[in-house]
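Listed here are the chains, written in short residue letters.
Number of protein chains: 2
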Amino acid sequence: MQNHPATRTLRLQHPISLYRGDQLSNITLAYECWGQLNNDKSNAILLLTGLSPGAHAAASQADPEVGWWEQMLGSGKPIDTDNYFVICVNSLGSCKGSTGPASLNPATGRTWRLDFPELALEDIAESAWQVVQSLGINQLACLIGPSMGGMTALALLKQHPDCAQQLISISSASAATPFSIAIRSLQREAIVSDPNWQNGQYTDNRWPVSGMRLARKLGMISYRSAAEWLERFDRQPQDHFPPTMYGMNFAVESYLEAQAQKFIGQFDPVCYVYLSRAMDWFDASDQHAGSVSDMLRQTSLEGALVMGVDTDLLFPLSQQKDIANALQTADIQTELHALDSIQGHDAFLIDMDSFGPPVAQFLA
Amino acid sequence: MQNHPATRTLRLQHPISLYRGDQLSNITLAYECWGQLNNDKSNAILLLTGLSPGAHAAASQADPEVGWWEQMLGSGKPIDTDNYFVICVNSLGSCKGSTGPASLNPATGRTWRLDFPELALEDIAESAWQVVQSLGINQLACLIGPSMGGMTALALLKQHPDCAQQLISISSASAATPFSIAIRSLQREAIVSDPNWQNGQYTDNRWPVSGMRLARKLGMISYRSAAEWLERFDRQPQDHFPPTMYGMNFAVESYLEAQAQKFIGQFDPVCYVYLSRAMDWFDASDQHAGSVSDMLRQTSLEGALVMGVDTDLLFPLSQQKDIANALQTADIQTELHALDSIQGHDAFLIDMDSFGPPVAQFLA
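Top line first, the protein sequences correspond to chains H and U. Going by my numbering, the residue at position 187 of the first sequence is 187; the numbering climbs one at a time, nothing skipped. Quick note, my numbering runs 364 ahead of the 1-based positions in the second sequence.
Honestly, I wouldn't trust all of these hints.
[Claimed, not checked] Ranges between beta-carbon positions, derived for each pair:
| id | chain 1 | residue 1 | chain 2 | residue 2 | range |
| --- | --- | --- | --- | --- | --- |
| 1 | U | SER664 | H | GLU335 | 54 to 62 Å |
| 2 | U | GLN565 | H | ALA107 | 40 to 48 Å |
| 3 | H | ASN199 | U | ASP479 | 51 to 59 Å |
[Stated by the list, open to error] A partial selection of chain H residues facing chain U, derived with a Cβ cut-off under 7 Å:
| id | residue |
| --- | --- |
| 4 | GLU189 |
| 5 | ALA190 |
| 6 | VAL192 |
| 7 | SER193 |
| 8 | LEU214 |
| 9 | ALA226 |
| 10 | PHE362 |
Bear in mind the hints are in silico, worked out from the structure with no lab data behind them. Nothing here was measured: the structure is a model prediction, and the numbers come from that model. We treat Cβ as the ideally placed atom computed from N, Cα and C, and that holds for glycine.
Model the full structure from these sequences, guided by the hints.
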């Protein structure tokens, strides 16, 4: 884990009853804040993340390192920290400061790994909500979730219907499609098929590098779009890496290899498997007889912004429309922005010209 | 290899000079024929296959086993063997009767494996053409290629411009997109990352099962469509296979597992890597300064039918339009059928209601 001096931590005083039945105690949560909480604590935004990012969403005086949503968050930016107090929590189960399978199990003194209890997005939501409450905030001005974060936002709304006045849901889903499940299942299978996986007991010297490399490359294939790669790489040859038996002839192959090398070692394999599984399991409507709008009707949400892009394979535009429809059916005033970004699922991290203005306008 | 009693074999008398520079001698080609060649040998069709099928495209009296394109080929079917003499060749480099990396290298007495020379689609085309010529046929009435077979058909036209009067190109490409290269590169990487791969020296007892499983599942993800799986599986649970660490909770996961189990052992891993690589390397325009239409203009083609489907991720509809445009630019009368099948790339194997009639009409 990189050192992020602006990261704060909260140690939960009580165990959490996990959504799938177990209990988890001694939970630490890493989070970071930007902006000033106003006197009546009515200007708070909770930002829930995708699978891999940590709490460091943007730079600040205390931590000038560029964050994962740098262009979206800060003074004068779409999520304007001159007006809002923004909290970003590293997901429970992740490995960037919060408790997860890569943390020490206090009961054994060893790393949790596969002994970590089954984790659901509902648990990530619940623990993030405890961070919000620890700051004395009873209701958020807005709940923002891109990708997995949007699913976690729905999980939070399901469990704490009064948690937020507004919702920004970006390239997300109320439940995964079978296509996305297939992609993620295969990523996880690649990791656990690596002989170094050793039933989760890999060592620093024998890390499941090969499985993580395959998983990350498949991830990138599902995060980007064929259209972007045609424009960016077409059939250009590459000479960054030596040719291999399997290929490494084309620029798209060296791009994937570079992405994989960056990822390996930065994210714990067991954490990856746990969070990825949690996404497959999630169903926002599971306590409302399959109706997402019935779930949303219980909430205090007054308005919502739903965004997505037409080249997204993993969280397709049809799912953004479904979320917007469910919100509207629940009488929540909703804007849907269907963007034609070429970057696929990752567009929300890149295409700020498309994503920035609607967010800024919605929050203004 | 399954026993197909109708399979014939041709042993080439001379070595082939391979497209990437090596020589290959002692070539055996497996092929199967249906229908009767007429007196002037003007009613022959050559069917070139996708990556994995063998020569047994359809049943016959001599071999009643259902073939891989059973509904398309036979008496009274779209490719009507009452009128046409149809030849289907197992690709050079495959493992279903033709010489390939899984065959014995006569020079060493051992299986070729990675000692097999680098293979291109041009070599598959050249060897298939020798089968056609061995039957006394100088020009085909029609050349038909689905998927990789469509690329091989373009390779044949590039090398033997007078080989055919008509072309049916189905869900194919004149050169792979970077997205398709990425998918195939990752499939190959999964295979060669399997510890049982052993630089191609795997044994029957230690087969790279895990790598082939991952490769096949990724193949299926790229061959089908998100829309089909939503309709077919949605989020149904599964109970065919025991749950695993990586998942196996959903019907889509058990479907992929069943498909993978069917494939493992049926296709040789080195052959898979060779054929898959050949698809990435292929560029129909490489001897014509990047112009597919300039290549096609050299041919004797009089007419062409180009088909594809809008849910195909691997050989997208845009590539079918490119092929049709190149044919038209080369003054070849061309029909383009853009179908809205839900089955993705595999639709040509399944959706006969959409694919059958245009083929029947074109050949009539």
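Here is how each hint holds up against the structure:
1. U:SER664 x H:GLU335: 54 to 62 Å: 58 Å, holds
2. U:GLN565 x H:ALA107: 40 to 48 Å: With Cβ atoms ~46 Å apart, the hint holds.
3. H:ASN199 x U:ASP479: 51 to 59 Å: About 37 Å separates the Cβ atoms of H:ASN199 and U:ASP479, which means 51 to 59 Å is violated.
4. GLU189: Hint on H:GLU189: holds, closest Cβ of chain U at ~5 Å, below 7 Å.
5. ALA190: Hint holds; H:ALA190 Cβ to chain U Cβ min 6 Å, cut 7 Å.
6. VAL192: 5 Å, holds
7. SER193: 5 Å, holds
8. LEU214: Check passed: Cβ of H:LEU214 comes within 6 Å of chain U, closer than 7 Å.
9. ALA226: 4 Å, holds
10. PHE362: 29 Å, violated
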